[in-house]
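**Student:** Sequence:
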Amino acid sequence: MTSPSPVPTAPASSGPPVGSPSTPVVPDAGPDAAPGAVRSSPLVVVLAGGLSHERDVSLRSGRRVAEALRSTGLEVLLHDVDADLLSFLRTTRPDVVWPLLHGASGEDGSVRDVLDMAGLPYVGTGPRASRLVWNKPISKSALLDAGLATPDYVTLPQSLFRDLGAQPVLDTILRRIGLPLVVKPTEGGSALGVTVVTRAEDLPRAMVECFSYGETALVERAIDGVELAVSVIEGPDGPEALPAVEIVAEGGYDYAARYVAGETEFFAPARLTAEQADLVADVAVRAHRALHLRHLSRTDLILDRAGTPHVLEVNVAPGMTEMSLLPQAVAASGHDLPTLYRAIVDRALVAAR
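Per the UniProt record's numbering, the very first residue in the sequence shown carries number 1; after that it's consecutive.
If you're looking for bench data, these hints aren't it; they were derived computationally from the structure.
Predicted, not measured: the structure shown is a model, and the values here were computed from it.
Take these hints with a grain of salt, some might be off.
Computed spacing ranges between beta-carbons, pair by pair [to be verified]:
hint, residue 1, residue 2, range
1, L144, A200, 21 to 29 Å
2, G334, D84, 35 to 43 Å
3, H292, D202, 33 to 41 Å
4, A149, R70, 37 to 45 Å
5, D237, D116, 20 to 28 Å
6, A83, D56, 45 to 53 Å
7, E250, D116, 40 to 48 Å
8, D56, P180, 23 to 31 Å
9, D113, D163, 28 to 36 Å
10, R175, D116, 38 to 46 Å
11, D56, R90, 23 to 31 Å
Just so it is clear, CB atoms sit at the ideal spot from N, CA and C, and this is done for glycine as well.
Kindly produce the complete structure, drawing on both the sequences and the hints.
**Tutor:** Here it is in structure tokens:
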């Protein structure tokens with residue numbers, strides 16, 4: 001496996017950076033400064049919270065990123081997103097926004113549409129690609145078109161069970177996919193509504209649990225192998241994979257396993273051969289490109305017993321909590337987390353000029 005590359009830095013700009021001797025600086029210029037004033041440091045607004053099922057995780061991610069960026073000298077405001085978002089953005093006039101909203105609105109492209117309409121630079125993928133990734137069946141189709149393996153699956157709306165009868169549909173699932181299988185909502189994250197089914201009698205309960213989080217279920221074949229998460233960060237030379245993180249969760253990597261200390265064992269870097277590490281890194285970068293993602297992403301996959309990686313899903317707003325996978329990958333790479341976050345912000349700023 002190749003050694004980690006340098007921390008990504010913002011590409012060169014034709015104009016002088018803010019704060020250089022040739023740029024006039026208004027000391028202490030902040031959100032209430034007069035129009036046209038140049039801040040002594042870029043103002044970053046971190047958006048977190050919201051009203052989705054993943055609100056608490058989003059707030060934890062937002063606090064961690066805000067603290068890291070402040071430590072690099074940036075001015076940062078952490079905003080819990082509500083109905084006054086547009087008013088807040090007009091008042092504060094941030095130089096760049098980092099949306100760390102998880103779940104609906106945050107990852108389905110809606111908030112990014114708002115940021116585009118407001119003309120504000122932001123960290124992360126644009127709205128169109130976000131919508132593609134948010135819908136798991138559609139993103140799986142795009143991954144297959146790119147030549148990437150993903151578990152065999154079917155998509156089932158809740159209405160199908162009413163129209164055709166529950167038992168015939170359940171029997172068809174078992175014949176088509178087989179056991180073990182995984183039931184999950186077609187939209188959403190943090191493993192909410194996800195169940196691994198190993199016995200036929202447990203399938204009805206898994207479907208009910210899934211439909212409590214959305215109207216459509218994705219049922220896919222469970223792959224036996226090593227569960228991995230590979231984060232991708234864009235640097236000056238394009239997207240680069242960080243070391244894979246291996247996830248060992250007793251009973252499955254559910255919500256509690258993700259966010260409750262002691263529920264899961266992580267290995268960062270993953271216990272892979274150099275060849276395997278390079279393989280999964282290549283898959284993550286290919287997924288990032290195939291889905292037209294920007295700045296950062298995280299690909300969740302299973303490396304099966306034969307050595308084939310199967311992409312489970314890709315995330316446009318990876319968790320940034322103290323237990324999240326991307327920060328663990330950064331630590332394993334030897335990079336400094338605040339410095340890397342600052343480089344991501346700088347790239348978003350430069351790209352908008």
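**Student:** Next step is simple, just say for each hint if it's right about the structure.
**Tutor:** Here is how each hint holds up against the structure:
{"no.": "1", "hint": "L144 to A200: 21 to 29 Å", "verdict": "holds (28 Å)"}
{"no.": "2", "hint": "G334 to D84: 35 to 43 Å", "verdict": "holds (41 Å)"}
{"no.": "3", "hint": "H292 to D202: 33 to 41 Å", "verdict": "holds (37 Å)"}
{"no.": "4", "hint": "A149 to R70: 37 to 45 Å", "verdict": "holds (41 Å)"}
{"no.": "5", "hint": "D237 to D116: 20 to 28 Å", "verdict": "holds (26 Å)"}
{"no.": "6", "hint": "A83 to D56: 45 to 53 Å", "verdict": "violated (20 Å)"}
{"no.": "7", "hint": "E250 to D116: 40 to 48 Å", "verdict": "holds (43 Å)"}
{"no.": "8", "hint": "D56 to P180: 23 to 31 Å", "verdict": "holds (30 Å)"}
{"no.": "9", "hint": "D113 to D163: 28 to 36 Å", "verdict": "holds (33 Å)"}
{"no.": "10", "hint": "R175 to D116: 38 to 46 Å", "verdict": "holds (45 Å)"}
{"no.": "11", "hint": "D56 to R90: 23 to 31 Å", "verdict": "holds (28 Å)"}
Hint check: a violation occurs at hint 6 only; the rest are consistent with the structure.
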